[in-house]
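J.: So the sequence lines, in the order shown, correspond to chains A and B. Each residue of the first sequence is one higher than the one before, counting from 17 in the numbering used here. Each residue of the second sequence is one higher than the one before, counting from 506 in the numbering used here.
None of these hints come from the bench; they were simulated from the model. Each hint should be verified, as a subset may be incorrect.
Rough simulated footprint, nothing fancy, chain B against chain A, three-plus residues with beta-carbon under 8 Å [as the list claims (entries may be wrong)]:
hint: 1; stretch: 28-38
hint: 2; stretch: 49-62
Facing chain A, according to a computed beta carbon distance under 7 Å, are these residues of chain B, among others [said to hold, decoys possible]:
hint: 3; residue: R609
hint: 4; residue: T610
hint: 5; residue: R612
hint: 6; residue: T615
hint: 7; residue: R625
hint: 8; residue: P627
hint: 9; residue: A630
hint: 10; residue: W631
hint: 11; residue: Q668
hint: 12; residue: D705
hint: 13; residue: Y738
By construction, the Cβ of each residue, glycine as well, lies at the ideal position given by its N, Cα and C atoms.
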Amino acid sequence: MQILPFYLLCDESGSMSGDSIDSINGALPELHHEISTNPTVADKTRFSLIGFSDSATVLQPLVDLSDIDEVPALAAGGLTSYGDAFRTLLRCIEADVAALKAEGHEVYRPVAFFLSDGIPTDSDWEQAYKELTQSRFCPKIIAFGIGEAQESTIGQVANFRAFIQKDTSVSPAQALREFASSLTRSIVRSAGSIAADGGNGFTLAVDDTVPGFSTVSLDKL
Amino acid sequence: MSPADGADVPLGALTLGIRVGDGGQGEVYDVDGGPGRLLYKSYREPRKVDGGELGALVALRQGLAPADRDRLDRETAWPLCRVMDGGRVTGFLMHRAPDSMTWRTSRGDTRLTELSYLLRAPKAAWQAVQQPSPAERYALVVAVVELFQWLHALGLVVGDVSQANVLWTVRPGPAPYLLDCDGVRLVGRPPVLEQADTPDWHDPLASPGSVTVDSDRYKVALLVGRVLGQDAYAAPGTPLQPLPGVLDDRRENAVRALWEQAAGPRGSRPHLGQWRTALAGRDTIRLLAAEPPPKPTVDRSKFDGPRHRGRIPLRD
């Protein structure tokens, strides 16, 4: 089987407390529901949730979403260590790809959805990012910024597509619901182009525009 | 009423309700206030639609005898009439799938009961889908084969067969329902839209985008083997493992033979009648009319015997 792993890296620093964190926690059951009731999508994709603040925590190790019925909630508190998020992601990807291959699967380049509401508070995050993007299984990164996140930083984190919340038109909570819907659509549509036996590869389907967000041009950064 | 007589309907005359589906080639909307429960499929790129061929599908339904038209409506979401806007075809009207072909998720959403739920062991997330008994699973396969055989007899090629465009139910009895019927074409005719193909359901020996009666036969083999074996990715060329109790020994042997035959070259795939016979568990009688007549015996002595030539005097 050809597997496409998705990682959700979600900022759970103190500034996410309240509506923002509630919004993401509220959207996760919808994401799970959408994927787990669609067996063809569930077969071909895996999902992992990593929360990061002072440090990063693997809240949900990579899993077939139709095999779980609960997931640890995100809980806000602490600072915003991008570096630990990227180091944790790299460690997970290396272990997960090896485990999937050991089960006889072939693995597509992983996809990471990165979400942050602020600027990184660690100084060495760019080194961790470099190690991630230079690694053998460098994921395709789609970055979303809300709240205080800076367009230039979000653009720097993304290597596939980047989105930044529009200033006043939507609340962070609304933007986060759109973010989660976009992630779900991406999983469903990408899985739709994957053949179990490989075939001609697949198309990573990511929205060109997401309501409430401006698309950041990566070329200009 | 146009859905009844097949005449074109202007887009402006429709009151569209909520969007109920979103596929690669178009979106599907509820139609408010229509007769019965109708849906409107709106093409994403109307300029790519062959309106003539879509009209031919509508006309085919209109030309059927009432009993056949009822069957078509019972078992397929056939295009009832074209929808036009300013002389351009924008989509068509069709019946909504029967309620018995849907299920409710734990969150209360309604989903279509797609073939995919027959192709793997049940999971908690879709436990509300009532799984068939072995006898019902068998009956579903027979019903799908009969539907395809009938469509072929009408001179049609189904084209895209997949886990998402065949629905099923076992309430009140086992029955299939075919979606995306604008992808069906008349034999030898071009498709309404560029041919769609589903990953894991393509004929490996067909050139991409081309479909024929033969590729339909291959895809029906996939469907039969995958449903009987509850295996979403089984394909001819690999061993068939039907679920216990679905087939008796005689049927299993006959089905296995056809499954292996389906891996063969184009033109040699089992036709739908062969699947029906195999699934019916009947013995077959070899018919002599298909045999070449026996050759007459040849008296080889006339050809190969020793020859004795005399001499012919040419002068007196």
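J.: Does each hint fit the structure? Answer for all of them.
T.: Right, here's what the structure says about each hint:
no. : hint  : result
1   : 28-38 : violated (count 0)
2   : 49-62 : holds (count 8)
3   : R609  : violated, 11 Å
4   : T610  : holds, 6 Å
5   : R612  : holds, 6 Å
6   : T615  : violated, 11 Å
7   : R625  : holds, 6 Å
8   : P627  : violated, 10 Å
9   : A630  : holds, 4 Å
10  : W631  : holds, 5 Å
11  : Q668  : holds, 6 Å
12  : D705  : holds, 5 Å
13  : Y738  : holds, 4 Å
Checked against the numbered hints given earlier, this structure breaks hints 1, 3, 6 and 8; the rest are met.
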